[in-house]
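As given, the protein sequences belong to chains A and B, one line each in that order.
So that you can map any letter, position 6 of the first sequence is 6 in our numbering, and since no number is skipped, the others follow by simple counting.
So that you can map any letter, position 246 of the second sequence is 246 in our numbering, and since no number is skipped, the others follow by simple counting.
You may find that some hints are simply not true.
[As the list claims (entries may be wrong)] Which chain A residues stay away from chain B? Per the calculated CB distances, all over 10 Å, these: (1) Met51; (2) Glu87; (3) Ser119; (4) Glu120; (5) Leu121; (6) Asp125; (7) Ile166; (8) Thr168; (9) Ile218.
[Said to hold, decoys possible] Heads up, incomplete: computed chain A residues facing chain B, CB under 7 Å, no partners named: (10) Ile54; (11) Asn77; (12) Lys91; (13) Val107; (14) Leu134.
I should point out that these hints are in silico values taken from the structure, not numbers from a laboratory.
Even for Gly, the Cβ is constructed at its ideal location relative to N, Cα and C.
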Amino acid sequence: MKTSIKIENLSKSFNGKKILKEINLELPKYGIFGILGKNGAGKTTLLATLMGLITPTSGEIKIFDKSLKKNKFEILNQINFQSPYIELPKKMSVYQNLIFYARLYNVKDREEVIKDLCSELLVSDLLNLNYGKLSSGQKTRVNLCKALLNRPKLLLLDEPTASLDIQTSDFIRKYLVKFQKNYKSAILITSHNLEEIKYMCDYLIILEDGKVKDFDTITNLLKKGKKSKIEELLLND
Amino acid sequence: MINRIIALLIRYQNIALGSIPRLTSIFYWPTVQILFWGFFTNYFYQINEFNIWSSLNVILSAVVLWDVLFRSQLGLSMSFFEELWSRNLPNLFITPIKDYEIIIGLLMISLLRTILGLTPAIFFANYFFNFHLFELGLYLIFFFFNLTLIGWSIGLFVSALVLRYGQSFEELAWAIIFIVLPFSCVYYPLSSLPEVMQTFSSIFPTTMIFEEMRSLIFNSHMNHINLIKIFFINIFLLLMSSLFFLYMLRVVRNKGIMINQGE
């Protein structure tokens, strides 16, 4: 495997309006990649397209060197996603939700995997509670358990710490960095929290008006733009 | 494939039967319906003179069989709506589950909910009114299967519309069956309708089923050509509604609707 994600001339239009415009991108096999951009830049659309939730208007996506269009189900088995805006069924317990997704991903030793993940993410005592009764911090940690059940080689995160308190956010960031190192995975993350991006990401993708404005390591981007802070990369000259 | 369908079944079963109020709601309405119509028919007999047993059998058979259709449609739609209500659809569609596996899972859970919902109603009908649904014999399986096919078809059609056009279409899940009801000749023969409506109603597979049911109870006779016709119409309906559901999934992916359902 040479790349985790390879995107060629990817475009997506909704009702004639181009949201993604001829995106070309090649991400290394491992690492944490941050996507930065203003609201409406196309961050969530890009993530959803990478997961097959949105069909591109044109262009090609390759994940682990395989065409997403032709090998969708094989690829989906190796990726996962977490977003605070997408929840799990509220009427089911945390355990019932996790075991359901473990079955869908055909996880071996699922009981053991769930037990370990819940212990690492400090949600073991929530297993028998209904998901609907959890606080947002607890939900985020449970959602993360769901997203890590299949030990994804590619993990997509949409603002993973949005609306969380400082302690929970910090815990999640540290956990994800450790996970990436241990499992040598690729993590693609969108966030408006620049501190988070700075702490977690090796590379940055700057999206502007549906196009990739720049992609490089944070240090190189700052050097190239002669900037001292990440936020300056987002501001127009 | 089997693992993923079993996972879906366990999950829908957890949602539907996970608490006493939810479990009660599954068999509450069929039981109330059967008691209401049973007592009503008994009363009707007291003030009129007609063959009580045939009439009671026709009405109670119609109540139970109509509920087969209603429960199978509602069981399917409600299970699918649970995904929308819990803002979980994107999580489901990024797993390796295939679209047709979701359809199979929904059909199976609908069948389970229908059987569960109707069992107490049939028991009460037997206890209070000495009504034996199983006297319909093997034809009962035919009626049950075909009405379930119609219920599934309507359920898939409604779910596809809600998926595409949003939760404002949810009302249709409750209402659509009552739009079909007057034309289906559930409790009265086709001949009792005005002539203009008779031609229109006769194209409904539900009308054909209930006409055959009455013919079986009153005359112990059924038209087997009609049964074959009913079967193929219903298979065609289920095929069309499944294709419509799959088509709407494609539309939803093209329009980027699925990801926004979480927000």
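So, going through the hints one by one against the coordinates:
Some Cβ of chain B comes within 10 Å of the Cβ of Met51 of chain A; the nearest lies about 5 Å off, and the non-interface call is violated. With a minimum CB-CB distance of about 5 Å to chain B, Glu87 of chain A fails to clear the 10 Å threshold, and the non-interface call is violated. Residue placement check: Ser119 of chain A keeps its beta carbon more than 10 Å from all beta carbons of chain B (closest about 22 Å). Remark: the non-interface label on Glu120 of chain A is consistent with the geometry, its nearest Cβ contact in chain B lying 20 Å away (cut-off 10 Å).
No Cβ of chain B comes within 10 Å of the Cβ of Leu121 of chain A; the nearest lies about 17 Å off, and the non-interface call holds. Chain B leaves Asp125 of chain A outside its interface by the beta-carbon criterion, the shortest separation being 20 Å against a cut-off of 10 Å. The Cβ of Ile166 of chain A lies farther than 10 Å from every Cβ of chain B, with a closest approach of about 25 Å, so its non-interface assignment holds. With a closest Cβ-Cβ approach of about 20 Å to chain B, Thr168 of chain A is found to remain outside the 10 Å limit, as its non-interface label requires.
A cut-off of 10 Å between C-beta atoms confirms that Ile218 of chain A is not in contact with chain B; the least separation is 28 Å. With a cut of 7 Å, the hint placing Ile54 of chain A at the interface with chain B holds, because the nearest CB-to-CB distance is about 5 Å. Given the 7 Å rule on beta carbons, the hint for Asn77 of chain A holds: about 5 Å separates it from the nearest Cβ of chain B. Evaluation of the Lys91 of chain A hint against chain B yields a held restraint, the C-beta minimum of about 5 Å falling below 7 Å.
Residue-level restraint check for Val107 of chain A is violated (minimum Cβ-Cβ distance to chain B is 11 Å; threshold 7 Å). Here the hint on Leu134 of chain A is broken, as its CB sits about 13 Å from the closest CB of chain B, past 7 Å.
Checked against the numbered hints above, the structure breaks hints 1, 2, 13 and 14 and satisfies the rest.
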